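Work out the full structure, taking the sequences as your base and the hints as a guide.
Line order of the protein sequences matches chains S and W.
When we follow the numbering used here, the leftmost residue of the first sequence carries the number 1, and every step to the right adds one.
When we follow the numbering used here, the leftmost residue of the second sequence carries the number 1, and every step to the right adds one.
Because the hints were derived from the structure by calculation, they are not lab data.
It cannot be assumed that every hint is accurate.
List time: in silico EDC-like cross-link candidates among lysine to aspartate or glutamate, alpha-carbon distance up to 16 Å [what the hints assert, rightly or not]:
#, chain 1, residue 1, chain 2, residue 2
1, W, K44, W, D62
2, W, K370, S, E244
3, S, K69, W, E456
4, W, K44, W, D248
5, W, K14, W, E31
6, W, K386, W, E349
7, W, K162, W, E180
8, W, K235, W, E198
9, S, K132, W, D277
10, W, K235, W, E298
11, W, K44, W, E31
12, W, K370, S, D119
13, W, K275, S, E133
14, W, K370, W, E421
15, S, K69, S, D104
16, S, K69, W, E455
17, S, K173, S, E37
18, S, K132, S, E164
19, W, K370, W, E344
20, S, K173, S, E139
21, W, K386, S, D104
22, S, K132, W, E274
23, W, K154, W, E142
24, S, K69, W, E406
25, S, K207, W, E455
26, W, K154, W, E141
27, S, K87, S, D119
28, S, K173, S, E140
29, S, K166, S, E140
30, W, K235, W, E142
31, W, K93, W, D248
32, S, K129, W, E335
33, S, K89, S, E133
Since the structure is predicted, the reported quantities are computational estimates derived from the model, not experimental observations.
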Amino acid sequence: MMNVENITFLRQWKSGHQHLSDSADDPSLKSPLSSHEVLSLALPEIDRHLPAGGLLLNAIHEIIPQNFKARAAAYGFLMALISRLMKQKTGIVIFCDFQRNTSDRMIPFAPGLTALGLDPARLIYVRPKDEKEFFWVLEEALSCSHLMAVMGVMGQESLYGFTESKRLNLRAKRQGNPLFLLRPYGSGGATASATRWQVSARQSPAKPSPNFFLPGLGNACWRLDLLRAKGASPKGWEVGWNHETLCFHLASSLARRTPVVPDTAHHGFGQMAL
Amino acid sequence: MALNGAAAAAGLKKGQLLTDARAIFPAVSVEDYDPEGDLNDLEKLARYCIRYSPWVNIDPPDGLLMEISGCAHLFGGEEAMLQQIKGQMAQMKLTSHVTVASTIGAAWAVNHYGSKSFNIIRAGEERQVLRALPLTSLRLEEGILQRLHKVGFKTIGQVMEKPRAPLRNRYGALLLHRLEQALGNAPEALSPLMPPPEYQRQRTLQEPILLLDQIRQVLAQLGRGLSADLQEDHKGARRLIFSLFRVDGEISTITLRTGHPCFETDHILRLFSEKLDQLQDEMNVGYGFDHLTLSAQETEVLEDDQKDLEKNFSTSDRRELDRLLDRFVGRLGAENIVRFHLSESHIPEKSQRMISVHQPTEDNWRDYLKRLQGGHYLGRPIILLKAPELITAMAEVPDGPPVGFEWRRIKHRVIRADGPERLSPEWWQAEAADRAQRDAENMIKTRDYFRVEDEEGLRFWLFRAGLYERGEVPRWFMHGLFA
Chain S
1 MMNVENITFL
11 RQWKSGHQHL
21 SDSADDPSLK
31 SPLSSHEVLS
41 LALPEIDRHL
51 PAGGLLLNAI
61 HEIIPQNFKA
71 RAAAYGFLMA
81 LISRLMKQKT
91 GIVIFCDFQR
101 NTSDRMIPFA
111 PGLTALGLDP
121 ARLIYVRPKD
131 EKEFFWVLEE
141 ALSCSHLMAV
151 MGVMGQESLY
161 GFTESKRLNL
171 RAKRQGNPLF
181 LLRPYGSGGA
191 TASATRWQVS
201 ARQSPAKPSP
211 NFFLPGLGNA
221 CWRLDLLRAK
231 GASPKGWEVG
241 WNHETLCFHL
251 ASSLARRTPV
261 VPDTAHHGFG
271 QMAL
Chain W
1 MALNGAAAAA
11 GLKKGQLLTD
21 ARAIFPAVSV
31 EDYDPEGDLN
41 DLEKLARYCI
51 RYSPWVNIDP
61 PDGLLMEISG
71 CAHLFGGEEA
81 MLQQIKGQMA
91 QMKLTSHVTV
101 ASTIGAAWAV
111 NHYGSKSFNI
121 IRAGEERQVL
131 RALPLTSLRL
141 EEGILQRLHK
151 VGFKTIGQVM
161 EKPRAPLRNR
171 YGALLLHRLE
181 QALGNAPEAL
191 SPLMPPPEYQ
201 RQRTLQEPIL
211 LLDQIRQVLA
221 QLGRGLSADL
231 QEDHKGARRL
241 IFSLFRVDGE
251 ISTITLRTGH
261 PCFETDHILR
271 LFSEKLDQLQ
281 DEMNVGYGFD
291 HLTLSAQETE
301 VLEDDQKDLE
311 KNFSTSDRRE
321 LDRLLDRFVG
331 RLGAENIVRF
341 HLSESHIPEK
351 SQRMISVHQP
361 TEDNWRDYLK
371 RLQGGHYLGR
381 PIILLKAPEL
391 ITAMAEVPDG
401 PPVGFEWRRI
411 KHRVIRADGP
421 ERLSPEWWQA
431 EAADRAQRDA
441 ENMIKTRDYF
451 RVEDEEGLRF
461 WLFRAGLYER
471 GEVPRWFMHG
481 LFA
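If you want it as structure tokens, here you go:
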């Protein structure tokens with residue numbers, strides 16, 4: 001399914017990759033952290049900004065939605081990262097979910113996760129009953145040597161802080177397992193995480209739709225704000241996620257387009273009903 | 001119906017009217033007859049007696065049958081064992097008769113109708129012992145007993161020597177069968193209340209223990225022993241049971257299941273240790289535990305350790321993941337450690353099921369998506385709501401996408417839309433619903449799903465239930481969220 005977007009993206013990716021391979025040959029440019037495995041986002045603008053060239057795979061990475069409505073976007077970003085990781089490495093991912101059983105609960109839907117690019121067969125879904133159990137599961141999982149990654153979704157937090165994160169970080173470092181944590185809206189504070197991302201939703205690029213006056217949805221787009229990272233300054237990017245190539249691409253050029261508004265006053269067929 | 005020793009001493013008799021009994025001894029305390037409660041208590045007692053032998057069953061209304069071949073030596077011989085049992089019963093304020101014999105029939109007869117409350121009948125003595133006992137001790141029906149009494153047969157001895165054929169003709173085969181069973185010439189088996197364990201280690205303590213640390217110590221000792229037993233036979237267990245017997249007749253049991261057969265001492269101890277921590281508060285220690293057993297059930301022969309050359313990890317690595325999952329299951333419960341499983345269903349909320357992590361899945365989610373609508377299909381959200389929520393939407397009639405909707409009191413203006421994707425209900429469900437006349441409207445009506453995006457970039461999965469052309473009043477629902 002080659003179209004203009006993908007070709008431009010491929011050119012970008014190739015040039016970005018070229019840059020990285022050049023720097024890899026020059027030992028003086030190697031950062032001391034690159035000896036450990038990283039997850040690159042395949043987006044040179046972000047990868048270059050991160051000190052290790054990507055997300056360190058023996059550390060904690062936190063994702064926080066910018067507002068309550070953006071929780072699905074943050075969830076999607078988490079799943080996108082895991083999809084990329086699944087492409088790079090083999091193994092099981094422990095998916096620990098602690099949300100209260102209210103109507104707000106985000107229930108993962110495997111067909112949807114597959115559509116985003118993840119393989120649900122490689123997930124083990126763990127539902128602890130309280131926060132203490134949640135952290136126990138994370139700690140035990142991070143200490144296991146035969147996993148690919150651990151991810152945790154918190155519906156609310158009261159026990160998570162610097163001490164707990166330090167403990168988790170220690171285990172992650174020791175075994176070389178990454179922990180991706182989705183924290184609830186409004187959380188923050190000092191923790192031992194390697195990176196902290198804030199995610200909010202952005203309009204997707206319009207796709208021509210055969211049926212209606214409304215255009216179709218494009219690939220998922222989000223705004224990622226790197227709030228903090230060891231050795232990097234805060235920065236923001238507007239990205240899109242390609243579920244086929246499992247790569248991010250910059251969406252800033254598209255964001256400047258004016259949004260398409262349905263022209264309700266003018267179409268002559270049919271009538272509106274509630 | 002029944003009375004205790006003190007009442008008998010006071011002159012009361014079994015079967016007396018309550019008024020008469022009260023007349024003789026006004027201060028007598030009375031309890032209601034509760035056959036079910038009694039049966040439950042009897043079962044509880046049977047379970048407690050598993051500490052003596054795993055082969056126990058109840059013998060209603062007031063007895064227990066125990067198979068003790070092979071167990072007596074653990075207690076210092078048959079006599080010592082019976083003394084211990086009688087003593088334990090006395091401690092629990094129960095008057096008991098105990099008898100050991102080579103056959104169930106003989107033991108039962110002597111126990112119920114013998115003169116002493118403690119009997120040991122050696123093999124070969126049955127004939128002599130049974131001679132003097134009444135025929136009722138053979139567990140026969142009322143009818144047969146009455147007829148036998150009428151003719152003058154009262155004791156077993158009278159029947160034992162008589163020719164068989166006429167007895168069989170007149171009184172049926174049961175009489176002789178029971179006789180033969182009591183004498184040991186016909187088989188009678190006892191089925192245990194609970195299946196006896198395949199491997200077991202136990203420890204009886206002189207002084208009952210109360211502290212968690214002490215329990216852990218004994219558990220460690222039992223664990224090492226059990227692990228050695230299993231390893232010797234090259235087997236692993238998938239179910240482990242730790243039973244703690246209290247001095248006053250209560251039992252606490254902790255059962256653990258593992259995904260793969262395990263035998264390692266460390267793993268066993270760790271699993272139980274975590275569970276003990278959890279149950280610490282709930283467990284009622286009472287006056288202490290004086291008997292602890294650790295048993296293994298569902299044992300399987302172990303696979304040999306092999307290296308998987310392709311994937312570059314060995315089975316021992318995979319075992320580490322299995323052990324991790326065992327610990328999760330032990331602490332959180334098997335229903336909370338699950339995998340996603342594909343379920344072929346048109347109704348989206350039913351297209352995925354959570355199955356136990358130990359069941360293997362061969363699901364190919366990519367193929368499933370391809371089948372839904374070719375290629376990498378984006379038409380499914382990553383998050384599903386607990387249940388579809390009613391929303392108000394404005395859309396073009398008859399089957400256009402919504403141009404605006406209100407969900408949880410927030411209005412959204414739609415700027416992008418994909419769809420509709422029509423999902424019909426499973427027709428057999430529709431029929432069932434009609435029959436039951438349930439108001440599960442949104443379950444049985446055809447749904448037209450739309451992917452929509454609002455001006456903020458939030459993406460939703462919503463559907464319209466009900467079609468205009470069918471004359472149904474359509475309603476809109478929110479079902480899921482996209483990234």
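Results of checking the hints against the structure:
At roughly 12 Å between alpha-carbon atoms, K44 (chain W) and D62 (chain W) fall within 16 Å of each other, so this suggested pair holds. Distance restraint check for K370 (chain W) and E244 (chain S): the Cα-Cα separation of roughly 13 Å lies within the 16 Å cut-off, and the hinted pair is therefore satisfied. Taken as a hint, the K69 (chain S) and E456 (chain W) pair is honoured in the structure, with Cα atoms around 10 Å apart against an allowance of 16 Å. Restraint check for K44 (chain W) and D248 (chain W): the C-alpha separation of about 12 Å stays at or below 16 Å, so the hint holds.
With a C-alpha separation of about 14 Å, the suggested pair K14 (chain W) and E31 (chain W) falls inside the 16 Å cut-off, and the hint holds. The straight-line distance between the Cα atoms of K386 (chain W) and E349 (chain W) is roughly 9 Å, inside the 16 Å bound, and the hint therefore holds. The hinted pair formed by K162 (chain W) and E180 (chain W) meets the criterion: a straight-line CA distance of about 13 Å does not exceed 16 Å. With a C-alpha separation of about 11 Å, the suggested pair K235 (chain W) and E198 (chain W) falls inside the 16 Å cut-off, and the hint holds.
With a C-alpha separation of about 14 Å, the suggested pairing of K132 (chain S) with D277 (chain W) holds against the 16 Å cut-off. Distance check on the hinted pair: K235 (chain W) and E298 (chain W) sit about 10 Å apart at the alpha-carbon level, within 16 Å; holds. The suggested pairing of K44 (chain W) with E31 (chain W) is violated, with an alpha-carbon distance near 20 Å, which exceeds 16 Å. This hinted pair checks out: K370 (chain W) and D119 (chain S) have alpha carbons roughly 14 Å apart, not beyond 16 Å.
Under the criterion of a C-alpha separation no larger than 16 Å, the hint pairing K275 (chain W) with E133 (chain S) is consistent with the structure, at around 13 Å. With a C-alpha separation of about 15 Å, the suggested pair K370 (chain W) and E421 (chain W) falls inside the 16 Å cut-off, and the hint holds. For the hint pairing K69 (chain S) with D104 (chain S), the CA-to-CA distance comes to about 11 Å; that is within 16 Å, so the pair holds. The suggested pairing of K69 (chain S) with E455 (chain W) holds, with an alpha-carbon distance near 13 Å, which does not exceed 16 Å.
Of the pairs offered as hints, the one joining K173 (chain S) and E37 (chain S) holds, with about 11 Å between alpha carbons and a cut-off of 16 Å not exceeded. Between K132 (chain S) and E164 (chain S), the direct Cα distance comes to roughly 11 Å. Compliance with the 16 Å bound is thereby established for this hinted pair. Only pairs whose Cα atoms come within 16 Å are accepted, and K370 (chain W) paired with E344 (chain W) is accepted, the gap being roughly 13 Å. For the proposed pair K173 (chain S) and E139 (chain S), the alpha carbon gap of about 12 Å is at most 16 Å, so the pair holds.
Among the hinted pairs, K386 (chain W) with D104 (chain S) is consistent with the structure: their alpha-carbon atoms are about 8 Å apart, no more than 16 Å. For a cut-off of 16 Å, the pair hint linking K132 (chain S) to E274 (chain W) stands: about 14 Å separates their Cα positions. At roughly 13 Å between alpha-carbon atoms, K154 (chain W) and E142 (chain W) fall within 16 Å of each other, so this suggested pair holds. With a C-alpha separation of about 14 Å, the suggested pairing of K69 (chain S) with E406 (chain W) holds against the 16 Å cut-off.
Restraint check for K207 (chain S) and E455 (chain W): the C-alpha separation of about 15 Å stays at or below 16 Å, so the hint holds. Simply put, K154 (chain W) and E141 (chain W) have alpha-carbon atoms about 14 Å apart, close enough for the 16 Å limit, and the pair holds. Proposed proximity of K87 (chain S) and D119 (chain S) is supported: the alpha carbons are some 10 Å apart, at most 16 Å. Distance hint between K173 (chain S) and E140 (chain S) is fulfilled; the C-alpha atoms sit about 13 Å from each other, no more than 16 Å.
A C-alpha spacing of about 15 Å is found between K166 (chain S) and E140 (chain S), which places the hinted pair at or below 16 Å, so the restraint holds. For a cut-off of 16 Å, the pair hint linking K235 (chain W) to E142 (chain W) is broken: about 51 Å separates their Cα positions. For the hint linking K93 (chain W) to D248 (chain W), the alpha-carbon distance of about 10 Å falls within 16 Å, and the restraint holds. Distance hint between K129 (chain S) and E335 (chain W) is fulfilled; the C-alpha atoms sit about 12 Å from each other, no more than 16 Å.
Proximity of K89 (chain S) to E133 (chain S) is assessed by CA-CA distance (about 28 Å); at most 16 Å being required, the pair is judged violated.
In summary, the numbered hints that this structure violates are 11, 30 and 33.
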